[in-house]
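Trainee: Sequences listed follow chains A and B, in order. For the first sequence, our numbering assigns the number 1 to the initial residue and increments by one for each residue that follows. For the second sequence, our numbering assigns the number 1 to the initial residue and increments by one for each residue that follows.
Calculated from the structure, these hints are not laboratory results. Fair warning: there could be bad hints in the mix.
[Stated by the list, open to error] In the DMTMM-like style, the derived pairs of lysine to aspartate or glutamate whose C-alpha atoms are separated by at most 20 angstroms in a straight line are:
#1 Lys9(A) - Asp27(A)
#2 Lys21(B) - Glu9(B)
#3 Lys207(B) - Glu183(B)
#4 Lys175(A) - Asp78(A)
#5 Lys249(B) - Glu267(A)
#6 Lys271(B) - Asp264(A)
#7 Lys5(B) - Asp83(B)
#8 Lys199(A) - Asp269(B)
#9 Lys37(B) - Glu57(B)
#10 Lys271(B) - Asp224(A)
#11 Lys271(B) - Glu242(A)
#12 Lys37(B) - Asp269(B)
#13 Lys9(A) - Glu83(A)
#14 Lys135(A) - Asp150(A)
#15 Lys175(A) - Asp301(A)
#16 Lys37(B) - Asp12(B)
#17 Lys141(B) - Glu158(B)
#18 Lys207(B) - Glu267(A)
#19 Lys200(A) - Asp269(B)
#20 Lys271(B) - Glu267(A)
#21 Lys249(B) - Glu50(B)
#22 Lys207(B) - Asp264(A)
#23 Lys207(B) - Asp265(A)
#24 Lys249(B) - Asp265(A)
#25 Lys207(B) - Asp273(A)
#26 Lys175(A) - Glu84(A)
#27 Lys37(B) - Glu50(B)
#28 Lys207(B) - Glu145(B)
#29 Lys271(B) - Asp265(A)
#30 Lys249(B) - Asp264(A)
#31 Lys271(B) - Asp215(A)
#32 Lys74(B) - Glu9(B)
#33 Lys135(A) - Glu146(A)
#34 Lys9(A) - Asp26(A)
[To be verified] Some, not all, of what chain B presents toward chain A, calculated at C-beta under 10 angstroms:
#35 Val196
#36 Gln199
#37 Lys207
#38 Leu209
Beta carbons are placed, not taken as given, at the ideal position from N, Cα and C, and that holds for glycine.
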Amino acid sequence: MTTPLLQVKNLRIEFPTRRGTLVAVDDISFDIAPGEVLGVVGESGAGKSLTGAAVIGLLEPPGRIASGEILLNGRRIDNLPFEEMRKIRGREIGAIFQDPLTSLNPLYTVGRQITETIETHLNVSKAEARERAIKLLMETGIPAAEKRIDHYPHQFSGGMRQRVVISLALAAQPKLIIADEPTTALDVSIQAQIITLLKKLCRDHGTSIMLVTHDMGVIAETADRVAVMYAGRIAEIGPVSEVIHHPQHPYTVGLMGAIPNVGDDVERLTQIDGAMPRLTAIPSGCAFNPRCTRVSDVPGDRCTTERPSLLPAGKTQAACWLHDKNRTSAAGVSKETSHV
Amino acid sequence: MSDSKILLEVRDVAREFDVSKPWLSRVIEGQPEQILKAVDGISFTINRGETLSLVGESGCGKSTVARVICGLYKPSRGEVIFDGVDMAKAYGAELQNLRKRFQMIFQDPYASLNPRWRVGKIVAEPILSHNLIADPAALKKRVDELLTQVGLSPLDAEKFPHEFSGGQRQRISIARALSSNPEFLVCDEPTSALDVSVQAQILNLMKDLQREFGLTYLFISHNLAVVSHISTRVGVMYLGRLVEVAETKRIFQRPMHPYTQMLQSAIPDLKMTGKQRTPVAGEVPNPLDPPTGCAFHPRCPHAFERCKVERPILIEHPDGGQVACHAVEEKRISIRLAA
Numbered sequence: 001m002t003t004p005l006l007q008v009k010n011l012r013i014e015f016p017t018r019r020g021t022l023v024a025v026d027d028i029s030f031d032i033a034p035g036e037v038l039g040v041v042g043e044s045g046a047g048k049s050l051t052g053a054a055v056i057g058l059l060e061p062p063g064r065i066a067s068g069e070i071l072l073n074g075r076r077i078d079n080l081p082f083e084e085m086r087k088i089r090g091r092e093i094g095a096i097f098q099d100p101l102t103s104l105n106p107l108y109t110v111g112r113q114i115t116e117t118i119e120t121h122l123n124v125s126k127a128e129a130r131e132r133a134i135k136l137l138m139e140t141g142i143p144a145a146e147k148r149i150d151h152y153p154h155q156f157s158g159g160m161r162q163r164v165v166i167s168l169a170l171a172a173q174p175k176l177i178i179a180d181e182p183t184t185a186l187d188v189s190i191q192a193q194i195i196t197l198l199k200k201l202c203r204d205h206g207t208s209i210m211l212v213t214h215d216m217g218v219i220a221e222t223a224d225r226v227a228v229m230y231a232g233r234i235a236e237i238g239p240v241s242e243v244i245h246h247p248q249h250p251y252t253v254g255l256m257g258a259i260p261n262v263g264d265d266v267e268r269l270t271q272i273d274g275a276m277p278r279l280t281a282i283p284s285g286c287a288f289n290p291r292c293t294r295v296s297d298v299p300g301d302r303c304t305t306e307r308p309s310l311l312p313a314g315k316t317q318a319a320c321w322l323h324d325k326n327r328t329s330a331a332g333v334s335k336e337t338s339h340v
Numbered sequence: 001m002s003d004s005k006i007l008l009e010v011r012d013v014a015r016e017f018d019v020s021k022p023w024l025s026r027v028i029e030g031q032p033e034q035i036l037k038a039v040d041g042i043s044f045t046i047n048r049g050e051t052l053s054l055v056g057e058s059g060c061g062k063s064t065v066a067r068v069i070c071g072l073y074k075p076s077r078g079e080v081i082f083d084g085v086d087m088a089k090a091y092g093a094e095l096q097n098l099r100k101r102f103q104m105i106f107q108d109p110y111a112s113l114n115p116r117w118r119v120g121k122i123v124a125e126p127i128l129s130h131n132l133i134a135d136p137a138a139l140k141k142r143v144d145e146l147l148t149q150v151g152l153s154p155l156d157a158e159k160f161p162h163e164f165s166g167g168q169r170q171r172i173s174i175a176r177a178l179s180s181n182p183e184f185l186v187c188d189e190p191t192s193a194l195d196v197s198v199q200a201q202i203l204n205l206m207k208d209l210q211r212e213f214g215l216t217y218l219f220i221s222h223n224l225a226v227v228s229h230i231s232t233r234v235g236v237m238y239l240g241r242l243v244e245v246a247e248t249k250r251i252f253q254r255p256m257h258p259y260t261q262m263l264q265s266a267i268p269d270l271k272m273t274g275k276q277r278t279p280v281a282g283e284v285p286n287p288l289d290p291p292t293g294c295a296f297h298p299r300c301p302h303a304f305e306r307c308k309v310e311r312p313i314l315i316e317h318p319d320g321g322q323v324a325c326h327a328v329e330e331k332r333i334s335i336r337l338a339a
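Given the sequences, and given the hints that come with them, work out the whole structure.
Mentor: Okay, structure coming up:
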């Protein structure tokens, strides 16, 4: 197996507040192989965007990485000084954000913004940089790129702006792109165009993507593997088709049933009662246990006392005690540890 | 109340907005007035007990239609007929009576509830303004009943909106909408601000309430999957016009208008069946300067000369529903069956 491009090990993100420390992302680990698209999906507050921000080193204070490691090509990047990290951003990790209007500077032409990125990271002349920028814009499907390069962001439509942001992310040929809700602000027909474009470009350039979104449909269309997050933890991770067709974690099962699908003739959608817990009150044990319908299928009170780690389940990995093979013996162990 | 099957009829409704610059700058710069035709002559009917959905991309005028029906905007042209009565011609007590029979649920549950009012007062407001219940004890009982119906607790009446999550706030909006015993609810993107698991709760609740009280819904959404789940019939809008109206099953299985076909194939495929896609091209044109003839012709793969000059009207299709397309009328489009 090839070495992973990105490794995240036991990442924990905390927000110190006056009322105590909030743990927004709690001990998550995953990796991304070269050329792979990893989808990170979850509901608001699941910690998916924060994970993306931590990888690219743009976590806003007071949020901070409390423990864990982030490695890019085997090199640790979570503890680099600001200037060092600045060289990595754009050059090795690119970013695409949700709102293309706020991620572009309204005062500069798009050409200036793209050439700036190219000149900062690659050793090329001004003329070469401009030529490259035009090529990038053409590649992302902007018509009359030679003219459009001198236009300002407000002169582009939403879909075109997102194409500019994608060119900007690809400008210095990074190995990894963090795409945080890249299609959420767009209409369905434009969304389909942008997804197709992202897929094509990454195949051509061999770029890996960490695709953060709340839309399972976008993940199904784009990603190779998917991590389902719940309350700052990974509930399930595995190949997309497996997670969609044979979800193993009760949360994923509920989530898949809750999404209406065209052509399905169901009278009622699966309902997960309750809501995601607030960060101030994450339940002990498995964070999903108050909403879970299968707590009674696990012997003892393991679900409420002991946090499950990712266990092999079917062809995916799920953080659920239902998939603990030696249930009875492990339950005995847990009782002992909980007494300590 | 008349016995006809049709509860609401919208006849050739248009709504224009004047988006010109101030008069002085316009005169100095020598520019003409600019009129935005948000809704440009649409007609449809809603039968009792059914859910009609309007779908379309941003700026197609679907929310404007909802607002015109609720009386929040006056139509520039056309009539809205509710249960046989023309809304524009109703006055005083008659209008008051019509008004309490329909209510609206808005998209943003954060902005549509007064943050300084307790939930009990918010829910009771329509009852008080329509003078339905005067006795305070009976009113309290009614509010408790409404909160229980939408899955909240009567104790929640004492709380403020900020104490609730997005999904719970949308439940409060629904309780408020139900408080005057309406027959008809206009729902403008009621679930688009919510997470999927909460969205499922609200959609289930809306379906349960519809069954229980025989409600009729006009449902506005851009999410085609949600629409396919909740509606009886679907109307597809493009640049202020209806391009296709048909039963839900027919519109998703056999979309006829090229725009509907395009939308249908743009839906992300959750089942990963690897379905064939109609390539999606182009973007919605500027509504200030809409194309002549059929507004969709610059993006349409089937466009020809007639489409550029003559505006197609909605006509009945033998296979059910209505389609506004010259190519469909002349049978130049093969109807593609969806996977």
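Trainee: Which of the stated hints cannot be reconciled with the structure, identified by number in ascending sequence?
Mentor: As far as the earlier hints go, 2, 12, 13, 15, 27, 38 are violated by this structure, in ascending order.
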